[in-house]
Amino acid sequence: MSEYGLVIGRAAIGSAGPIAFGPAGILFLADNTAAKVFAVDVADPGPASGSEPFDLENVDAHVASFLGCDPGDVVIRDLAVHPGSHNVYLSVQRGHGDAARAVLVRIDRLDASVTDVPLVDVPMAQVTIADAPAEDDERLDITLPQGDEGEEFTFGERTIRILRRPIRTATITDMAYVDGALLVAGLSNEEFSSKLRRIPFPFGGEVVDNNLEIFHVSHGKWETAAPIRTFVPYGGGRSILASYTCTPVVHFELSDLTPGTKVVGRTVAELGAMNMPLDMVSFEEGGEEHLLVANSTHGLIKIACRDIDAQPALTEPREPIGVPRETEDLKGITRLANLNGSHVLALQSANGGTHLRSLKTASL
Amino acid sequence: MADVSWSRCGDTDCIRVGRLTGQATLQVRAESAAAHLPPMAGTVVPDGEDRCFVPRFAFVDGTTYRVVVDGVTAAVLVRPRPDLPATTEVLEIRPTATEVPRNFLRFYVCFSAPMADGYAAAHVRLLDHAGEPMAGALLPTEHELWDGDRRRLTVLLDPARIKRGLVGHRETGYPLRSGASFRVVVDRDFRDARGAPLRAGADRRYEVGGDERRRVEPEGWSLSAPRSHSREPVVVRFDRPLDAALLGRCLQVAGPDGRRIAGTPELGPEERSWRLAPEEAWAPAAHQLLVDPVLEDLAGNSVSRVFDRDLSRREDDPEVDQLVTLAFRPH
Chain A
1092 MSEYGLVIGR AAIGSAGPIA FGPAGILFLA DNTAAKVFAV DVADPGPASG
1142 SEPFDLENVD AHVASFLGCD PGDVVIRDLA VHPGSHNVYL SVQRGHGDAA
1192 RAVLVRIDRL DASVTDVPLV DVPMAQVTIA DAPAEDDERL DITLPQGDEG
1242 EEFTFGERTI RILRRPIRTA TITDMAYVDG ALLVAGLSNE EFSSKLRRIP
1292 FPFGGEVVDN NLEIFHVSHG KWETAAPIRT FVPYGGGRSI LASYTCTPVV
1342 HFELSDLTPG TKVVGRTVAE LGAMNMPLDM VSFEEGGEEH LLVANSTHGL
1392 IKIACRDIDA QPALTEPREP IGVPRETEDL KGITRLANLN GSHVLALQSA
1442 NGGTHLRSLK TASL
Chain B
280 MADVSWSRCG DTDCIRVGRL TGQATLQVRA ESAAAHLPPM AGTVVPDGED
330 RCFVPRFAFV DGTTYRVVVD GVTAAVLVRP RPDLPATTEV LEIRPTATEV
380 PRNFLRFYVC FSAPMADGYA AAHVRLLDHA GEPMAGALLP TEHELWDGDR
430 RRLTVLLDPA RIKRGLVGHR ETGYPLRSGA SFRVVVDRDF RDARGAPLRA
480 GADRRYEVGG DERRRVEPEG WSLSAPRSHS REPVVVRFDR PLDAALLGRC
530 LQVAGPDGRR IAGTPELGPE ERSWRLAPEE AWAPAAHQLL VDPVLEDLAG
580 NSVSRVFDRD LSRREDDPEV DQLVTLAFRP H
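Sequence order for the protein chains is A and B. Positions in the first sequence are counted from 1; adding 1091 to them yields the working numbering. Positions in the second sequence are counted from 1; adding 279 to them yields the working numbering.
Quick caveat, the hints were computed from the structure, so don't treat them as lab data. Remember, it's a predicted structure, so these values are computed and weren't measured experimentally. Accuracy of the hints is not assured; some may be wrong.
Said to hold, decoys possible - Quick list of simulated restraints, FRET-style, between CB atoms:
| id | chain 1 | residue 1 | chain 2 | residue 2 | range |
| --- | --- | --- | --- | --- | --- |
| 1 | A | Thr1206 | B | Gln302 | 24 to 30 Å |
| 2 | B | Pro361 | A | Ser1454 | 31 to 37 Å |
| 3 | B | Val599 | A | Asp1202 | 58 to 64 Å |
| 4 | B | Arg287 | A | Lys1451 | 50 to 56 Å |
| 5 | A | Asp1398 | B | Val599 | 44 to 50 Å |
| 6 | A | Asp1400 | B | Ala314 | 50 to 56 Å |
| 7 | B | Gly327 | A | Asp1212 | 55 to 61 Å |
| 8 | B | Arg287 | A | Leu1455 | 49 to 55 Å |
| 9 | B | Arg608 | A | Pro1114 | 56 to 62 Å |
| 10 | A | Asp1398 | B | Glu411 | 37 to 43 Å |
Ideal Cβ placement from N, Cα and C applies to all residues, glycine included.
The shape of chain A in the complex, shown without the other chains (with noise of 0.2 Å):
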């Protein structure tokens, strides 16, 4: 592991927040109290696996059984395969207040057997998202540095130098690794713009930290920033499907996200009034990728990358683009994971509990 800078170290996670596997069975996690990433290696034990499907019912009721507390006391904030073993990884928090822990508990496809997996003492790298505060005063996002460091800046016939620190992500709502960086989607607790942040991993000594702002325009009437809630990369990562706060689903391309330019996404659907998305998967069926987006409201909506990349920007209004699947059984899931190569895994929430189902993807 120490090709990717882990070293043996504490992880130490005061919040559960999103997950998603990188490379070489690494997990990344955000601590959203922290504002930190942690890459851990879970040492997952499990051997390699085939497609079957896995499912549990109550899987919350598990969790909250083995953590020795009541399923109310349980959070689960996120779900990840292990791309070998395909055992299951949930973040979750137990607890609230003063007394929440944050839990990264691990369930055993073979045998749904529950455990919490070990943070201490773990090859570990992290990464700080937040900016440090000043010393002088943590409400401050302008300063005026003593040395060379930040932007020079004129005003008359005076120059000065300003550090302007970038976007305070309060929290984090999804990540995911391509190609050798880690992408992060973050909502502010203060300004509402979009910012997605593009780590490079192995994590440098100095966080390569590029802000790329992003924009959707509506009917071709309107344009706007706002927060990416949740993302999914797609095309052997080249493009990116990403949901907004305010529900369209719009595209870019990987490859259009440098620094210091706008970024304008093309809307290709919105999820509809009073919805919200919740997570994105993508998968591959009959030689064709496909993506799968949670949300609020409606069943799985499912979109085809093919009619991705052939529809032009939605320029009148329009109800969700794609198969919306509105049957009874594809609602309330709130997370998805790629279980195998036939499989998609649903954090499903159904009947006062909360279930993890295998969905077919030959059957979506």
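On the provided structure of chain A, position chain B as indicated by the hints.
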């Protein structure tokens, strides 16, 4: 029957079981957990003639635990819930402006102590002028937005209903109605980090005005220069209320040497002004107010861009994202 009790093992809370044979199995489960579910993670530690169940994750206050020895319930113990006095209160709800624009985007609830997450969706509400809940007005909070010490909660109105052209806006319209008042209500049952409710609920009433779709333009502010050699504040008055949180970090004063003037910043009533009293007396030379262009008004319009931009209006084209300066000279 075994002798079972709450106890301590080393420096950890445990369940102590006496008079157990060496071969007996000991498991602990939350009462809510069915028998086929995994037992609570932990280790069984011999302690003299007793055995202690030391949990991997601390017992949760108020939770009932079943202690099972050799498959038979030996005891049911309730973890006591401390009787916590309600001491935390809502310090303020920002903005303090009495009128907000119809396309109002965000407000802040500031608490006197760190809070627990998971309560915002159910305990922060908008009520219309008749006291009826305004369903769908707020952005659902899958991710609650707290500041670093968990004392300030950021709540967004649903931007899909505010942005022109989106389905949410077309079908359900603005969350607010011009000319109608509404209230932000924080329920007493919002829990602090200790798990205690608030001392009291809180609310703030707002009137709703027209739309605000202009960029924030520092050039239109009025700036009152202080007297030189004094420690009077420099006062900046805005043309409309601005975002309280961003005002806290987007304004700064540079002195004649280009260094930041240290002092005490203060927001004026209704977030319509800002003042800075310096720690040291003003020099009789040129100073600059530096404005970070991310500064927004109550509708999310910033110095560099409007919130939702009508592409046919050239005057709304985004500005270059750079600092704005306003010069003043203490007189």
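Verification of the supplied hints:
1. For A:Thr1206 and B:Gln302, the hinted distance range of 24 to 30 Å is satisfied, since their beta carbons lie about 25 Å from each other.
2. With their beta carbons about 51 Å apart, B:Pro361 and A:Ser1454 fall outside the hinted range of 31 to 37 Å.
3. Between B:Val599 and A:Asp1202 the Cβ separation comes to about 60 Å, which falls inside the hinted range of 58 to 64 Å.
4. For B:Arg287 and A:Lys1451, the Cβ-Cβ distance of about 52 Å falls inside the hinted range of 50 to 56 Å, so the restraint holds.
5. The beta-carbon spacing between A:Asp1398 and B:Val599, approximately 37 Å, falls outside the hinted interval of 44 to 50 Å.
6. For A:Asp1400 and B:Ala314, the hinted distance range of 50 to 56 Å is satisfied, since their beta carbons lie about 53 Å from each other.
7. As the Cβ distance of B:Gly327 to A:Asp1212 is approximately 31 Å, the hint placing it in 55 to 61 Å is violated.
8. At about 53 Å, the CB distance of B:Arg287 to A:Leu1455 agrees with the hint of 49 to 55 Å.
9. A C-beta distance of roughly 58 Å is found between B:Arg608 and A:Pro1114, which places it inside the suggested range of 56 to 62 Å.
10. The beta-carbon spacing between A:Asp1398 and B:Glu411, approximately 42 Å, falls within the hinted interval of 37 to 43 Å.
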